[in-house]
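If you're matching them up, the sequences are chains A and B in order. The opening position of the first sequence corresponds to residue 286 in my numbering, with each subsequent residue numbered one higher. The opening position of the second sequence corresponds to residue 2 in my numbering, with each subsequent residue numbered one higher.
These are calculated hints, taken from the structure and not from any lab test. One or more of the hints may lead you astray.
As the list claims (entries may be wrong) - If the Cβ cut is set under 10 angstroms, some of the chain B residues that face chain A in the computed set are:
#1 Y34
#2 G43
#3 K58
#4 G59
#5 F105
#6 G106
For clarity, every value in this text was computed on a predicted model and none was experimentally measured. In this text, a Cβ means the ideal position worked out from N, Cα and C, and glycines have one as well.
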Amino acid sequence: TQLLEQSPQFLSIQEGENLTVYCNSSSVFSSLQWYRQEPGEGPVLLVTVVTGGEVKKLKRLTFQFGDARKDSSLHITAAQPGDTGLYLCAVMKTSYDKVIFGPGTSLSVIP
Amino acid sequence: DSGVTQTPKHLITATGQRVTLRCSPRSGDLSVYWYQQSLDQGLQFLIQYYNGEERAKGNILERFSAQQFPDLHSELNLSSLELGDSALYFCASRTAHGTDTQYFGPGTRLTVL
Numbered sequence: 286t287q288l289l290e291q292s293p294q295f296l297s298i299q300e301g302e303n304l305t306v307y308c309n310s311s312s313v314f315s316s317l318q319w320y321r322q323e324p325g326e327g328p329v330l331l332v333t334v335v336t337g338g339e340v341k342k343l344k345r346l347t348f349q350f351g352d353a354r355k356d357s358s359l360h361i362t363a364a365q366p367g368d369t370g371l372y373l374c375a376v377m378k379t380s381y382d383k384v385i386f387g388p389g390t391s392l393s394v395i396p
Numbered sequence: 002d003s004g005v006t007q008t009p010k011h012l013i014t015a016t017g018q019r020v021t022l023r024c025s026p027r028s029g030d031l032s033v034y035w036y037q038q039s040l041d042q043g044l045q046f047l048i049q050y051y052n053g054e055e056r057a058k059g060n061i062l063e064r065f066s067a068q069q070f071p072d073l074h075s076e077l078n079l080s081s082l083e084l085g086d087s088a089l090y091f092c093a094s095r096t097a098h099g100t101d102t103q104y105f106g107p108g109t110r111l112t113v114l
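Given these sequences and hints, build the entire structure.
Spelled out as structure tokens, the structure:
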């Protein structure tokens, strides 16, 4: 059983469309991170959310941490081909300094 | 460029062999993490070192071992390789305090034939 679940697993959309991807768990976390990984490269941190209900914006990307701190969403407005990649959510189990990643959502934005 | 370097970029070897993957963290970062990424398992945490000492262990096989040297670079040793060990291996580094940000290297793609 995965600690983090992400949906959808795959998403293919046209340039200019909006989309939302989700990260869910039955556990409560003190913080949650979103990464983007492009083909052939390592993941790059996009944002860390720490407060239940928190909303953070990064240009066309909007991140929300659930009120109960068990889930998070990433919304992309007017998607562009440069947004193509694997979006991973992750949590850090601070007592052991371990980072657990979700399985990811693979996004393809078609020009 | 994250500032984390990994060598080699690609490695092709045969079953039963042993390989060493190398990672140099960002300047000043004391923590080094190793991850394995495969299509069926996703990105899996293997092990973490902090200033030369093992700090946390994840899903690391007994055939695998790692160490961090006094200059803070780290090596991941994989022995008795099996076909299923074929994967991308990432190293990440983190500043000691005050941040949860990990900076990932470009990875080493290991192919076991």
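Okay, the hints, checked on the actual structure:
no. : hint : in the structure
1   : Y34  : 7 angstroms, holds
2   : G43  : 5 angstroms, holds
3   : K58  : 8 angstroms, holds
4   : G59  : 6 angstroms, holds
5   : F105 : 3 angstroms, holds
6   : G106 : 6 angstroms, holds
Checked against the numbered hints listed earlier, the structure breaks none of them; every hint is satisfied.
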